Amino acid sequence: MEELLEILEGIAPGEDFENCTTLIDDHILDSFAILSLVSEIEDTFDVEVSPAELIPANFNSAKSLWEMICRLKED
Numbered sequence: 001m002e003e004l005l006e007i008l009e010g011i012a013p014g015e016d017f018e019n020c021t022t023l024i025d026d027h028i029l030d031s032f033a034i035l036s037l038v039s040e041i042e043d044t045f046d047v048e049v050s051p052a053e054l055i056p057a058n059f060n061s062a063k064s065l066w067e068m069i070c071r072l073k074e075d
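Quick note on numbering: the sequence shown equals residues 1 to 75 in my numbering.
Because the hints were derived from the structure by calculation, they are not lab data. Keep in mind it's a predicted model, so treat the numbers as computed, not measured. Incorrect hints may have been included.
Said to hold, decoys possible - What follows is a set of in silico ranges between Cβ atoms, one per label pair, in the way DEER data are often shown:
1. Ala57 / Leu5: 13 to 21 Å
2. Pro13 / Val38: 28 to 36 Å
3. Gly14 / Pro56: 31 to 39 Å
4. Glu2 / Ser36: 15 to 23 Å
5. Ser31 / Glu9: 27 to 35 Å
6. Asp75 / Pro13: 30 to 38 Å
7. Gly14 / Pro51: 26 to 34 Å
8. Asp26 / Asp75: 28 to 36 Å
Built from N, CA and C at the ideal position, the CB exists for glycine as well.
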């Protein structure tokens with residue numbers, strides 16, 4: 001999780017990623033940030049984020065992102 005928080009901080013510095021649950025809803029992460037985030041997640045965690053995973057529910061919080069990463073690592 002710490003690596004994920006570092007990635008998020010690099011993409012959108014200064015946000016409270018540990019507590020925010022509206023990263024998409026509040027436009028903290030836009031489409032360009034999501035593309036960067038997906039690339040970083042794939043490289044860092046050695047997973048493949050399929051287009052089916054690119055839904056707001058997976059990207060609205062660090063917790064939901066981490067859950068997606070863990071699920072992808074199991075596959």
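To see whether the hints hold, each was checked on the structure:
1. Ala57 / Leu5: 13 to 21 Å: Given a distance of about 19 Å, which is inside 13 to 21 Å, the answer is holds.
2. Pro13 / Val38: 28 to 36 Å: violated, 19 Å
3. Gly14 / Pro56: 31 to 39 Å: The hint (31 to 39 Å, Cβ to Cβ) is violated, given that glycine 14 and proline 56 are roughly 22 Å apart.
4. Glu2 / Ser36: 15 to 23 Å: holds, 19 Å
5. Ser31 / Glu9: 27 to 35 Å: violated, 19 Å
6. Asp75 / Pro13: 30 to 38 Å: Cβ of aspartate 75 to Cβ of proline 13: about 31 Å, so the range 30 to 38 Å holds.
7. Gly14 / Pro51: 26 to 34 Å: Distance hint for glycine 14, proline 51 holds at roughly 30 Å.
8. Asp26 / Asp75: 28 to 36 Å: holds, 30 Å
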